[in-house]
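So the chains spell out like this:
Protein chains: 2
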Amino acid sequence: MDSSEALGHHISGFVDGEGNFTIAVFKQRESRLGYGVHVMFVVGQAEREILELTRQILGCGRVHLRHQYNKDGFKRMPQFELRIQSHKDCLLKLIPFFDKYELLTKKKNDYLLWKTTVQMVARGEHLTRKGLLKIIEIKKKMEQGRSKKGRKSVPIDFIGRHNQLPILENWFKE
Amino acid sequence: MDSSEALGHHISGFVDGEGNFTIAVFKQRESRLGYGVHVMFVVGQAEREILELTRQILGCGRVHLRHQYNKDGFKRMPQFELRIQSHKDCLLKLIPFFDKYELLTKKKNDYLLWKTTVQMVARGEHLTRKGLLKIIEIKKKMEQGRSKKGRKSVPIDFIGRHNQLPILENWFKE
Numbered sequence: 001m002d003s004s005e006a007l008g009h010h011i012s013g014f015v016d017g018e019g020n021f022t023i024a025v026f027k028q029r030e031s032r033l034g035y036g037v038h039v040m041f042v043v044g045q046a047e048r049e050i051l052e053l054t055r056q057i058l059g060c061g062r063v064h065l066r067h068q069y070n071k072d073g074f075k076r077m078p079q080f081e082l083r084i085q086s087h088k089d090c091l092l093k094l095i096p097f098f099d100k101y102e103l104l105t106k107k108k109n110d111y112l113l114w115k116t117t118v119q120m121v122a123r124g125e126h127l128t129r130k131g132l133l134k135i136i137e138i139k140k141k142m143e144q145g146r147s148k149k150g151r152k153s154v155p156i157d158f159i160g161r162h163n164q165l166p167i168l169e170n171w172f173k174e
Numbered sequence: 175m176d177s178s179e180a181l182g183h184h185i186s187g188f189v190d191g192e193g194n195f196t197i198a199v200f201k202q203r204e205s206r207l208g209y210g211v212h213v214m215f216v217v218g219q220a221e222r223e224i225l226e227l228t229r230q231i232l233g234c235g236r237v238h239l240r241h242q243y244n245k246d247g248f249k250r251m252p253q254f255e256l257r258i259q260s261h262k263d264c265l266l267k268l269i270p271f272f273d274k275y276e277l278l279t280k281k282k283n284d285y286l287l288w289k290t291t292v293q294m295v296a297r298g299e300h301l302t303r304k305g306l307l308k309i310i311e312i313k314k315k316m317e318q319g320r321s322k323k324g325r326k327s328v329p330i331d332f333i334g335r336h337n338q339l340p341i342l343e344n345w346f347k348e
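Keeping their order, the protein sequence lines are chains A and B. Take the first sequence: its letter number 74 is residue 74 in our numbering, and every next letter is one higher. Position in the second sequence counted from 1, then plus 174, gives you our numbering.
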């Protein structure tokens with residue numbers, strides 16, 4: 001058996017447990033609609049090595065150190081994160097990988113919705129009102145069924161300033 | 175590529191993220207030394223299906239529902255656990271599986287120490303004082319480097335009554 005194939009399946013299994021496909025909609029003054037869309041893939045783990053290996057297999061991303069604190073302020077074990085934030089890498093590296101080495105948990109649904117979004121952004125559809133609303137709907141769908149902690153109380157994430165988004169909220173009412 | 179091979183690697187990757195190999199030493203009146211040794215393999219996940227699939231691939235174990243509560247008493251999302259508690263299954267099914275589909279994280283060290291214990295128990299070495307002490311040393315080694323939450327304050331687990339073990343503690347002093 002080809003060892004790179006074996007590694008591909010192994011990493012896919014690891015992501016099934018530890019990976020996250022995320023979409024963020026955020027305020028962006030310079031864009032026509034006032035909002036930007038950001039896609040990201042994250043895998044967290046206490047151990048750096050497996051994330052470096054995952055990065056190598058996927059051919060992109062960067063491993064970051066993330067210090068976490070408990071409620072009582074005590075530092076927890078260091079946590080590492082592999083983050084892939086480049087839209088190009090998501091489109092050209094992650095999608096071919098996860099189409100080949102399929103996920104087996106419900107995370108696959110998240111992946112497929114995320115993939116749709118990545119492809120919409122590639123076609124510039126997030127720059128249209130219709131496209132942006134569709135992406136927000138996708139994002140809501142991905143958040144359904146998650147634990148309260150993981151679910152957002154508002155339909156959209158904000159990168160930078162964490163304000164309410166009155167304009168978008170009006171859109172929903174129309 | 176053989177799809178059962180692919181599944182094997184996928185499940186190994188999943189276990190690299192979510193699995194746990196554990197050893198428990200507990201009071202057992204009927205045994206000569208007064209202590210028994212128990213080996214177990216556990217994988218936890220919010221989703222039952224992937225655990226049922228893992229069970230199928232490994233050819234043993236049972237999926238249990240585990241309700242968890244937050245500190246404030248609120249029920250968290252249900253959590254499922256695949257547990258393999260039979261020593262025979264650990265020896266004859268898990269060891270061949272994880273020897274073939276190798277783990278890639280530091281969990282592999284845990285697995286190798288656990289495997290040594292399973293094989294020692296199969297040879298009845300846990301029934302000797304020397305063997306039992308070696309198993310306790312292995313267990314301590316596995317707990318080193320884990321987060322405080324995962325680490326035990328005493329060198330041994332107790333199934334049933336959670337008492338101190340004065341006899342064993344004296345053994346360490348010798």
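Don't take each hint at face value.
[Unchecked claim] Below 16 Å or equal to it, Euclidean Cα-Cα: the simulated EDC-like pairs (lysine to aspartate or glutamate) are:
#1 B:K289 to B:E276
#2 A:K115 to A:D89
#3 A:K106 to A:E49
#4 A:K115 to A:E137
#5 A:K107 to A:E52
#6 A:K106 to B:E226
#7 A:K108 to B:E221
#8 B:K274 to A:D2
#9 A:K106 to B:E221
#10 B:K282 to A:E47
#11 B:K282 to A:E49
#12 B:K281 to A:D2
#13 A:K115 to A:E125
#14 B:K280 to A:E52
#15 A:K100 to B:D176
#16 B:K274 to A:D99
#17 A:K100 to A:E30
#18 B:K281 to A:E47
#19 A:K107 to B:E223
#20 A:K100 to A:E5
#21 A:K108 to B:E317
#22 B:K280 to A:E49
#23 B:K282 to B:E226
#24 B:K280 to B:E317
#25 A:K107 to B:E221
#26 A:K106 to B:E223
#27 A:K115 to A:E102
#28 A:K100 to B:E223
#29 B:K280 to A:E47
Hints in this document: simulated from the structure, not taken from any laboratory. These numbers were taken from a predicted model, which means no experiment stands behind them.
Hints, verified against the model:
1. Distance check on the hinted pair: K289 of chain B and E276 of chain B sit about 13 Å apart at the alpha-carbon level, within 16 Å; holds.
2. For the suggested pair K115 of chain A and D89 of chain A, the alpha carbons sit about 12 Å apart, so the restraint of at most 16 Å is met.
3. About 26 Å separates the Cα atoms of K106 of chain A and E49 of chain A, which puts this hinted pair outside 16 Å; it is violated.
4. Straight-line distance between C-alpha atoms of K115 of chain A and E137 of chain A comes to about 14 Å, which keeps the hinted pair within the 16 Å bound.
5. With a C-alpha separation of about 22 Å, the suggested pairing of K107 of chain A with E52 of chain A is violated against the 16 Å cut-off.
6. A threshold of 16 Å between alpha carbons decides the hint, and for K106 of chain A with E226 of chain B the separation of about 13 Å falls inside it, so the pair holds.
7. A distance of roughly 12 Å separates the Cα atoms of K108 of chain A and E221 of chain B; the hinted pair therefore holds under the 16 Å criterion.
8. Taking the CA atoms of K274 of chain B and D2 of chain A, the gap is near 14 Å; set against the 16 Å cutoff, the hint holds.
9. Pair hint K106 of chain A plus E221 of chain B holds up; C-alpha atoms about 8 Å apart against a cutoff of 16 Å.
10. For a cut-off of 16 Å, the pair hint linking K282 of chain B to E47 of chain A stands: about 12 Å separates their Cα positions.
11. Taking the CA atoms of K282 of chain B and E49 of chain A, the gap is near 13 Å; set against the 16 Å cutoff, the hint holds.
12. In summary, the hint linking K281 of chain B to D2 of chain A is not supported, as the alpha carbons are separated by about 23 Å, beyond the 16 Å threshold.
13. For the proposed pair K115 of chain A and E125 of chain A, the alpha carbon gap of about 14 Å is at most 16 Å, so the pair holds.
14. Under the criterion of a C-alpha separation no larger than 16 Å, the hint pairing K280 of chain B with E52 of chain A is consistent with the structure, at around 13 Å.
15. Proposed proximity of K100 of chain A and D176 of chain B is supported: the alpha carbons are some 14 Å apart, at most 16 Å.
16. About 25 Å separates the Cα atoms of K274 of chain B and D99 of chain A, which puts this hinted pair outside 16 Å; it is violated.
17. Taking the CA atoms of K100 of chain A and E30 of chain A, the gap is near 37 Å; set against the 16 Å cutoff, the hint is violated.
18. For the hint linking K281 of chain B to E47 of chain A, the alpha-carbon distance of about 10 Å falls within 16 Å, and the restraint holds.
19. Simply put, K107 of chain A and E223 of chain B have alpha-carbon atoms about 12 Å apart, close enough for the 16 Å limit, and the pair holds.
20. Of the supplied pair hints, the one linking K100 of chain A and E5 of chain A holds, its CA atoms being roughly 10 Å apart against a limit of 16 Å.
21. At roughly 33 Å between alpha-carbon atoms, K108 of chain A and E317 of chain B are farther apart than 16 Å, so this suggested pair is violated.
22. Distance hint between K280 of chain B and E49 of chain A is fulfilled; the C-alpha atoms sit about 9 Å from each other, no more than 16 Å.
23. The hinted pair formed by K282 of chain B and E226 of chain B fails the criterion: a straight-line CA distance of about 23 Å is larger than 16 Å.
24. The suggested pairing of K280 of chain B with E317 of chain B holds, with an alpha-carbon distance near 12 Å, which does not exceed 16 Å.
25. A threshold of 16 Å between alpha carbons decides the hint, and for K107 of chain A with E221 of chain B the separation of about 10 Å falls inside it, so the pair holds.
26. Pair hint K106 of chain A plus E223 of chain B holds up; C-alpha atoms about 9 Å apart against a cutoff of 16 Å.
27. This hinted pair checks out: K115 of chain A and E102 of chain A have alpha carbons roughly 13 Å apart, not beyond 16 Å.
28. Pair hint K100 of chain A plus E223 of chain B does not hold up; C-alpha atoms about 21 Å apart against a cutoff of 16 Å.
29. Restraint check for K280 of chain B and E47 of chain A: satisfied, since their Cα atoms lie roughly 8 Å apart, inside the 16 Å limit.
When held up to the earlier numbered hints, the structure conflicts with 3, 5, 12, 16, 17, 21, 23 and 28 and fits the remainder.
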